[in-house]
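Q: Here's the letter readout for the chains.
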Amino acid sequence: MTMHRDYQGAKMGMWIFLFTEILLFGGLFVLYSVTLGRYPTEFHEASKLLDVTLGTTNTVVLITSSLFAALSVVGLQRGDRKLAQGFMAATLVLACCFLVIKYFEWSHKIHAGIYPGGETLIQWAPGKQAFFALYYTMTGLHGLHVIIGMGVFLWVWTRIVAGTCTPEHFVALENAGLYWHLVDLIWIYLFPLYYLIT
Amino acid sequence: MASGGKSWVREWLFTLDHKRIGMLYLWCITAFFVIGVCIGMVIRMELFWPGKDFIGQQAYNALFTVHGVIMIFIVVIPSIPAAFGNLFLPLQLGAEDVAFPRLNTFSFWLYVIGGATALISLFTGGGAPDTGWTFYVPFSAVTTTNVSVAVAGVFILGFSSILTGLNFIVTIHRLRAPGLTWTRLTLFAWALYATAWIQVLATPILSITVVLIIVERLLGLGIFDPARGGDPILYQHLFWIYSHPAVYIMILPAMGVISDIIPVFCRKSIFGYKTIVGSSLAIAFAGSLVWAHHMFVSGMSDTAVMVFSFLTFIVAVPSAVKVFNWLSTMYKGSIRLEPPLIYALGFIFLFAMGGITGLVLGSAGTDMHVHDTYFVVGHFHYVIFGGTGFGMFAAIHYWFPKMYGRMYNRKQAITAALILVVGLNGLYFPMYLLGLEGMPRRYYDYLPQFTSLHRLSTYGSWITFAGLALMFYNLIHSRYRGEPVGRNPWKAATLEWTLPSPPPTHNFDTEPVVTHGPYDFSEVRDDDHA
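Keeping their order, the protein sequence lines are chains A and B.
Letter by letter, the first sequence follows residues 1 to 198 of the UniProt record's numbering.
Letter by letter, the second sequence follows residues 1 to 530 of the UniProt record's numbering.
Quick caveat, the hints were computed from the structure, so don't treat them as lab data.
Idealized CB from N, CA, C, for every residue including glycine.
Hints are not guaranteed to be accurate.
As the list claims (entries may be wrong) - Not the full set, but computed from the structure, chain A residues with beta-carbon under 10 Å of chain B:
id, residue
1, I22
2, L24
3, I63
4, K82
5, G86
6, I101
7, K102
8, L134
As the list claims (entries may be wrong) - Looking from chain A toward chain B, a few residues come up when the C-beta cut is under 8 Å (computed):
id, residue
9, G13
10, F29
11, L31
12, S33
13, V34
14, G37
15, P40
16, G113
17, E119
18, Q123
19, P126
20, G127
21, A133
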């Protein structure tokens with residue numbers, strides 16, 4: 001079986017897949033908006049408990065990583081494998097930073113008993129409980145996507161080393177970049193919805 | 001065929017050939033179908049007499065849940081797209097394979113893993129799930145049975161479905177042979193195209209919904225728990241936003257098969273090609289707007305009920321358009337009553353029975369009366385078994401000679417089809433009457449006045465079983481002993497019939513150039529025994 005190469009087909013497939021990812025998060029955004037409509041004051045108060053500085057830092061970290069991902073694609077398109085790999089490494093480092101910051105945020109909250117079923121949270125108003133239930137679900141699912149995205153980049157790395165992802169056929173890296181931009185984009189919506197609605 | 005020391009397992013299970021993947025799906029789906037049918041027979045046996053007969057309440061709840069999960073998620077949703085779509089879509093397009101062959105193998109493996117996970121949930125943990133296939137909260141969030149594993153299986157199956165849909169969309173866009181314009185696509189391909197978009201757009205919502213059930217059970221989030229700020233009605237919305245469009249994932253490909261079969265056996269071009277295409281797309285679109293007609297009695301606002309009732313009526317229009325187009329195609333056609341056409345006619349009749357009662361359910365006033373009664377059970381079995389099931393059988397009988405290069409016994413095939421039509425009506429028509437008289441669905445016991453109708457239904461299930469047995473016997477026997485046939489026993493005009501039966505690994509030796517539509521029979525040669 002000869003493997004045909006279809007650049008446009010591969011891109012199209014990736015875009016459709018990204019659309020399904022948006023819809024996956026879309027279900028959660030619907031839940032968020034319905035719950036926000038029901039408990040506007042509680043959401044306002046619960047949001048004040050999140051650390052805006054850490055959230056902003058993470059936003060900057062993730063946007064910068066997205067830039068590096070894009071530069072990595074450009075690097076490979078220009079035929080510079082080493083440059084592409086360098087920017088990929090930078091993307092991965094920043095992704096790790098994002099997860100580490102997220103870890104500190106979560107563990108801080110969990111220590112304070114603010115998690116679904118936690119001793120502090122369970123005594124609060126239903127609206128605030130709903131806020132944190134959604135917060136953990138959505139940022140958790142997003143964090144999972146960050147990890148998956150890192151896995152995708154590592155996979156592309158092996159393809160570059162193996163010589164199957166090349167300056168002539170760079171669509172694997174390009175699609176990985178697209179995936180990373182999606183992960184970034186979803187965070188850009190999550191950030192104001194959870195940290196800035198006060 | 002690839003050889004060179006590759007074992008049979010590697011050659012089949014890790015194949016990249018769309019035809020083999022299609023066959024693998026077909027066999028798996030058939031195996032699961034047989035399991036699902038047997039469970040259905042047990043349910044009907046239990047209902048033969050009122051009261052407890054040989055299985056308890058819990059076992060009964062588990063059985064109808066498992067029957068639903070197997071039949072909906074493992075059999076009906078992938079049935080025609082995954083099996084026959086994989087087998088024949090690339091052939092009908094004149095392509096060498098689907099756009100992403102590796103992804104296709106991956107989808108199949110996800111399907112196997114998902115199906116296995118769903119099955120494992122029956123025998124491990126707290127026992128088989130007992131929630132019904134809809135997994136409604138709050139019960140699914142608190143029951144001690146093995147719901148988490150079952151919905152994890154559903155998640156994986158959904159992922160498989162998304163990837164198959166994605167693959168088909170790109171395949172249809174990118175891999176059509178020269179000359180195969182959009183208006184020269186077969187109607188089966190068009191139906192798969194519309195279906196694929198529903199798969200891609202609706203399934204992610206189901207994925208997130210079942211993920212929420214799992215985290216709700218494992219972490220106790222409370223997203224659907226009113227005491228903690230959640231809302232159980234939201235679960236129903238999210239669930240049906242997928243699962244109603246999923247009904248059209250189930251029926252559209254079957255309609256595509258019927259649209260391909262009817263012109264061939266009437267020797268006439270399809271009546272209203274473009275309206276059939278348009279109605280497929282219209283069903284895909286409008287079908288996504290009607291989910292809340294499952295929730296008329298859930299406590300939505302009256303406005304919402306009216307809007308969704310109205311929208312539901314709109315979906316009936318494109319479905320009816322198709323039925324009228326099929327009948328118009330047959331009008332003054334040169335009709336050959338071969339088995340595929342008999343199954344197609346069975347489809348039209350049974351689908352119409354189910355579709356019209358769908359209006360009774362879609363209309364808010366009458367739905368209040370029959371909601372969650374046997375009327376609903378009768379309705380969706382007419383549509384799903386009578387519709388998708390018959391579409392599947394029609395597809396098997398239509399493409400069987402192409403898949404195996406042999407012909408089945410036509411008299412036996414027709415006899416089986418007629419037995420099935422009688423059996424299905426015997427099985428499901430009494431359910432309409434039971435529902436109108438107030439027999440609730442999902443109950444394992446009933447009042448004595450329902451006994452005779454339940455018996456009638458159980459008798460129908462035996463007749464149906466006999467029809468299925470005859471059909472499967474005929475097909476399996478003919479697989480090995482059937483009379484060999486040539487390329488084009490039905491004298492059809494679509495591209496797959498220009499290939500040898502069964503088609504070679506590389507499909508087309510030279511890329512075909514298409515010069516006319518799929519239902520132009522003027523140039524079809526009689527090369528039956530070529």
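Q: Please go over all the hints and tell whether each is borne out by the structure.
A: Here's how the hints hold up against the structure:
1. I22: With a minimum Cβ separation of about 8 Å from chain B (threshold 10 Å), the hint on I22 (chain A) holds.
2. L24: Holds, because the Cβ-Cβ distance from L24 (chain A) to chain B comes to roughly 4 Å (cut-off 10 Å).
3. I63: violated (25 Å)
4. K82: Not OK, violated: K82 (chain A) not within 10 Å of chain B, min 28 Å.
5. G86: violated (29 Å)
6. I101: Cβ of I101 (chain A) sits 22 Å from chain B, so the hint is violated.
7. K102: Check failed: Cβ of K102 (chain A) comes no nearer than 17 Å to chain B, outside 10 Å.
8. L134: Hint on L134 (chain A): holds, closest Cβ of chain B at ~7 Å, below 10 Å.
9. G13: holds (5 Å)
10. F29: violated (10 Å)
11. L31: holds (6 Å)
12. S33: violated (11 Å)
13. V34: Holds, because the Cβ-Cβ distance from V34 (chain A) to chain B comes to roughly 6 Å (cut-off 8 Å).
14. G37: At about 11 Å, which exceeds the 8 Å cut-off, the nearest Cβ of chain B leaves the hint on G37 (chain A) violated.
15. P40: This hint is violated: P40 (chain A) lies away from chain B, its Cβ roughly 13 Å from the closest one there, beyond 8 Å.
16. G113: This interface hint is violated because 14 Å lies over the 8 Å limit.
17. E119: Violated. Min distance 13 Å.
18. Q123: violated (11 Å)
19. P126: holds (4 Å)
20. G127: holds (5 Å)
21. A133: holds (4 Å)
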